[in-house]
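**Q** Just so you know, we're using my numbering here: the sequence shown kicks off at 1 and counts up by one.
There's no promise every hint is true.
Said to hold, decoys possible - Okay, the calculated beta carbon distance ranges per label pair: (1) F59 <-> A20: 28 to 34 Å; (2) C27 <-> Q4: 31 to 37 Å; (3) Q7 <-> D30: 17 to 23 Å; (4) F59 <-> W22: 20 to 26 Å; (5) D60 <-> H28: 25 to 31 Å; (6) W22 <-> L58: 15 to 21 Å; (7) Q49 <-> R6: 19 to 25 Å; (8) G40 <-> A20: 32 to 38 Å; (9) D60 <-> Q5: 19 to 25 Å; (10) D24 <-> H56: 18 to 24 Å; (11) L11 <-> D60: 17 to 23 Å.
Read the hints as simulated data drawn from the structure, not as lab findings. Just so it is clear, CB atoms sit at the ideal spot from N, CA and C, and this is done for glycine as well.
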Amino acid sequence: MLGQQRQFVELHGPERIQTAWWTDQPCHRDYFRAIAETGGQLWIFRELQSGNWYLHGLFD
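Could you put the whole structure together from the sequences, leaning on the hints where they help?
**A** See the structure below:
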């Protein structure tokens, strides 16, 4: 799935997850539950610093 693009018919979220500001490796992500046009349900997130999107997991 690396480098693949998907179309979504529904996107639920975001739920923001972030570490405390004083940590050495800050993490700021917005998580979404997405339903693809194929019907698959995905758990995706966007890194706020880079703007990149990633697949975190799949739902049955």
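**Q** A separate judgement is required for each hint: does it hold in the structure or not?
**A** Comparing the hints with the structure gives:
1. F59 <-> A20: 28 to 34 Å: Distance hint for F59, A20 holds at roughly 29 Å.
2. C27 <-> Q4: 31 to 37 Å: 24 Å, violated
3. Q7 <-> D30: 17 to 23 Å: Since the Cβ atoms of Q7 and D30 sit about 19 Å apart, the hinted range of 17 to 23 Å holds.
4. F59 <-> W22: 20 to 26 Å: At 34 Å between Cβs, range violated.
5. D60 <-> H28: 25 to 31 Å: 29 Å, holds
6. W22 <-> L58: 15 to 21 Å: Given about 34 Å between the Cβ atoms, the range is violated.
7. Q49 <-> R6: 19 to 25 Å: 22 Å, holds
8. G40 <-> A20: 32 to 38 Å: Given range 32 to 38 Å: holds, Cβ gap about 34 Å.
9. D60 <-> Q5: 19 to 25 Å: Once the Cβ atoms are compared, 23 Å apart, the range 19 to 25 Å for Q5 and D60 holds.
10. D24 <-> H56: 18 to 24 Å: 22 Å, holds
11. L11 <-> D60: 17 to 23 Å: 19 Å, holds
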